[in-house]
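Chemist: For reference, the chains in residue letters:
There are 2 protein chains.
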Amino acid sequence: MENPSEETPASWKSLPSWLLTRAAGHAHRLVADGFSSLQATGYQYRLLATLEEFGPASQAALGRRSGIHVSDMVATINEAADRKLVERASDPTDRRRNIISLTAAGKRQLWQLEKQLAESQDELLAPLSQEERQRLTELLSRLLDHHDHHDAGRENRLPLP
Amino acid sequence: MENPSEETPASWKSLPSWLLTRAAGHAHRLVADGFSSLQATGYQYRLLATLEEFGPASQAALGRRSGIHVSDMVATINEAADRKLVERASDPTDRRRNIISLTAAGKRQLWQLEKQLAESQDELLAPLSQEERQRLTELLSRLLDHHDHHDAGRENRLPLP
DNA sequence: TGTTATCGTTCGTGGCACCAACGTTAGTGA
DNA sequence: TCACTAACGTTGGTGCCACGAACGATAACA
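Listed in order, the protein sequences are those of chains Y and E. In this text, residue positions in the first sequence follow numbering that gives the first Met the number 0: the first is 0, and each later residue adds one. In this text, residue positions in the second sequence follow numbering that gives the first Met the number 0: the first is 0, and each later residue adds one.
If you are wondering where the hints come from, they were derived from the structure by calculation, not from laboratory data. The reader is advised that the hints may include incorrect statements.
As the list claims (entries may be wrong) - Not close to chain E: a few residues of chain Y, all C-beta gaps over 12 angstroms, as computed:
#1 N77
#2 D93
#3 N97
Unchecked claim - Here are a few chain Y residues that face chain E, going by a calculated C-beta distance under 8 angstroms:
#4 L14
#5 H25
#6 A74
#7 Q129
#8 R132
#9 R141
Unchecked claim - Computed list of lysine-lysine pairs in BS3-like fashion (alpha-carbon distance at most 30 angstroms, straight line):
#10 K106/Y / K83/E
#11 K83/Y / K114/Y
#12 K114/Y / K12/E
#13 K12/E / K106/Y
#14 K12/Y / K83/E
#15 K83/Y / K83/E
Glycine is no exception: its CB is placed at the ideal position from the N, C-alpha and C atoms.
Please put together the full structure from these sequences, using the hints given.
Modeler: Encoded structure:
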């Protein structure tokens, strides 16, 4: 939805969930555009950044740490491995696992992505002053804290016997 | 991405674009869950709300007003029409157009959706005080104003001669 | 040893936003 | 009046992101 150019109604345009969704839409577009100039997606970045931060790990662990679904992780790693940004080696101590690690090229790509990302943040927050940016992130953090913790006990609705 | 339960890294978790995206994710989940209890989606709601606010209109006009892409509008209206929430009649004065209008059942469904929606907003903003809620919406509005207007001149990159 | 659990993989779904192409129909200019 | 342009609705596809179901292989535990 990137074209309310003509006329937009007022009934829902003031709802917090709508504002949030639209703002996130802009953020996503800015970031995705920056990433795509480096032939990357959000998944690609999150994979590389997680590897950089925690070091080599199994695909399942990477999934948990990055918040990427294991089944999507497969494709993400495939792509990164094809481009030599990442290396897949099977764990000798547990033959179920693959150990994924960052290559030098992967590290370079990650730097580029981080640079892009910083620019995107600035473009996103352009209309806000420094204090306002801080207030916004603080409010959003409060929201996330609440829902992340509160929604931890939101599972297992009778998955059939 | 609704499961950072185990361990989440810190490198990008503080980026505004990430906070926004995650917060929007929670908002979307809350709203979508509420809607799905009434067999509806965001598109369905936006269609009905736009009809209620502006009255009967062509599909193209509804698309412009609601921000739903015309090609998605087709399926949205198909579904709503199948469930008798909306009526499709061809415009006698312009045979290209269909005139879409809200039925009584559609109006009732819209009321239900609006009730659900209000509850979702409250659940979303639960951790924030009244003033904080207002500050958040104000900051988000500023962001949107900027990008909506500023990005108006972001089109037509040489669409081939 | 048998049972349970984890890991990687494939395939499919859903929501949202978009694009390309096509046939139909309305308006406009020459 | 006729050609051209533009709008309309429709179909069918793309991409990103988040999930779910199922399966074979392998480990760990009772």
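Chemist: For each hint given before, does the structure comply? Return the numbers of the non-compliant ones in rising order.
Modeler: 6, 7, 10 and 15
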